[in-house]
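Take these sequences, add in the hints, and give me the full structure.
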Amino acid sequence: AAGVIQSPRHLIKEKRETATLKCYPIPRHDTVYWYQQGPGQDPQFLISFYEKMQSDKGSIPDRFSAQQFSDYHSELNMSSLELGDSALYFCASSPGYEQYFGPGTRLTVT
Amino acid sequence: GQQVMQIPQYQHVQEGEDFTTYCNSSTTLSNIQWYKQRPGGHPVFLIQLVKSGEVKKQKRLTFQFGEAKKNSSLHITATQTTDVGTYFCAARDKLIFGTGTRLQVFP
Numbered sequence: 326a327a328g329v330i331q332s333p334r335h336l337i338k339e340k341r342e343t344a345t346l347k348c349y350p351i352p353r354h355d356t357v358y359w360y361q362q363g364p365g366q367d368p369q370f371l372i373s374f375y376e377k378m379q380s381d382k383g384s385i386p387d388r389f390s391a392q393q394f395s396d397y398h399s400e401l402n403m404s405s406l407e408l409g410d411s412a413l414y415f416c417a418s419s420p421g422y423e424q425y426f427g428p429g430t431r432l433t434v435t
Numbered sequence: 282g283q284q285v286m287q288i289p290q291y292q293h294v295q296e297g298e299d300f301t302t303y304c305n306s307s308t309t310l311s312n313i314q315w316y317k318q319r320p321g322g323h324p325v326f327l328i329q330l331v332k333s334g335e336v337k338k339q340k341r342l343t344f345q346f347g348e349a350k351k352n353s354s355l356h357i358t359a360t361q362t363t364d365v366g367t368y369f370c371a372a373r374d375k376l377i378f379g380t381g382t383r384l385q386v387f388p
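These protein sequences, in sequence, are chains A and B. First residue of the first sequence? That's 326 in this note's numbering, and the numbers climb one at a time after it. First residue of the second sequence? That's 282 in this note's numbering, and the numbers climb one at a time after it.
Just so you know, these hints were derived from the structure itself, not from any lab. You may find that some hints are simply not true.
Label pairs and their computed distance ranges (CB to CB) [stated by the list, open to error]:
id	chain 1	residue 1	chain 2	residue 2	range
1	B	G322	A	G409	22 to 28 Å
2	A	S404	B	K351	38 to 44 Å
3	A	H398	B	V331	27 to 33 Å
4	A	T433	B	P388	48 to 54 Å
List of simulated lysine-lysine pairs, DSBU-like, C-alpha gap at most 30 Å [what the hints assert, rightly or not]:
id	chain 1	residue 1	chain 2	residue 2
5	B	K350	A	K347
6	B	K351	B	K317
7	B	K350	A	K382
Each residue gets a CB set at the ideal place from its N, CA and C atoms; glycine is no exception.
Below you can see the structure in the form of structure tokens.
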């Protein structure tokens, strides 16, 4: 069965650089979520989209933005990267109540 | 703000022993979900509970939602090494994950 695809899987950036993370949800899933997970931490909700419209906003910094495109893929744009942005970034898609997580993008900011 | 706490933070058990993790919310929840995250992996949905006092079973796993809908528990009977991972509860309507319980099972 198709799963959520995230790219890239690993990303190394320097402070103050920008990064773009991509997410391809499972076909026919109408909701996409973005989470940030630090080492040993629980996933922190950043933002979600329902049918390409932003539906909920969590603890997403102003330096980050996201959107969902007409083909339902989503991108998380991160600017002015800080060392504290180093984390695993998960995308999840949902057809209803359960969320299906992608493998994540490990971002390292040096 | 809304918090969902889990205890214990860590649990080490011998294979064959039982394991329970408890999830407590500061406010009433409309539903609770449970996820398992293997080391180096991503969270995987296990179950959703909606009704007050609801109990659901999946093989060796038993999930319970409290009567007041502010707490939940996950009990694993006769743990196996494949049960290793971090178990998160999640308040689905608030999009908040619990602090997680990391389970280690020794053979």
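Status of each hint after checking the structure:
no., hint, verdict
1, G322(B) to G409(A): 22 to 28 Å, "holds, 23 Å"
2, S404(A) to K351(B): 38 to 44 Å, "holds, 39 Å"
3, H398(A) to V331(B): 27 to 33 Å, "holds, 31 Å"
4, T433(A) to P388(B): 48 to 54 Å, "violated, 34 Å"
5, K350(B) to K347(A), "violated, 36 Å"
6, K351(B) to K317(B), "holds, 20 Å"
7, K350(B) to K382(A), "holds, 24 Å"
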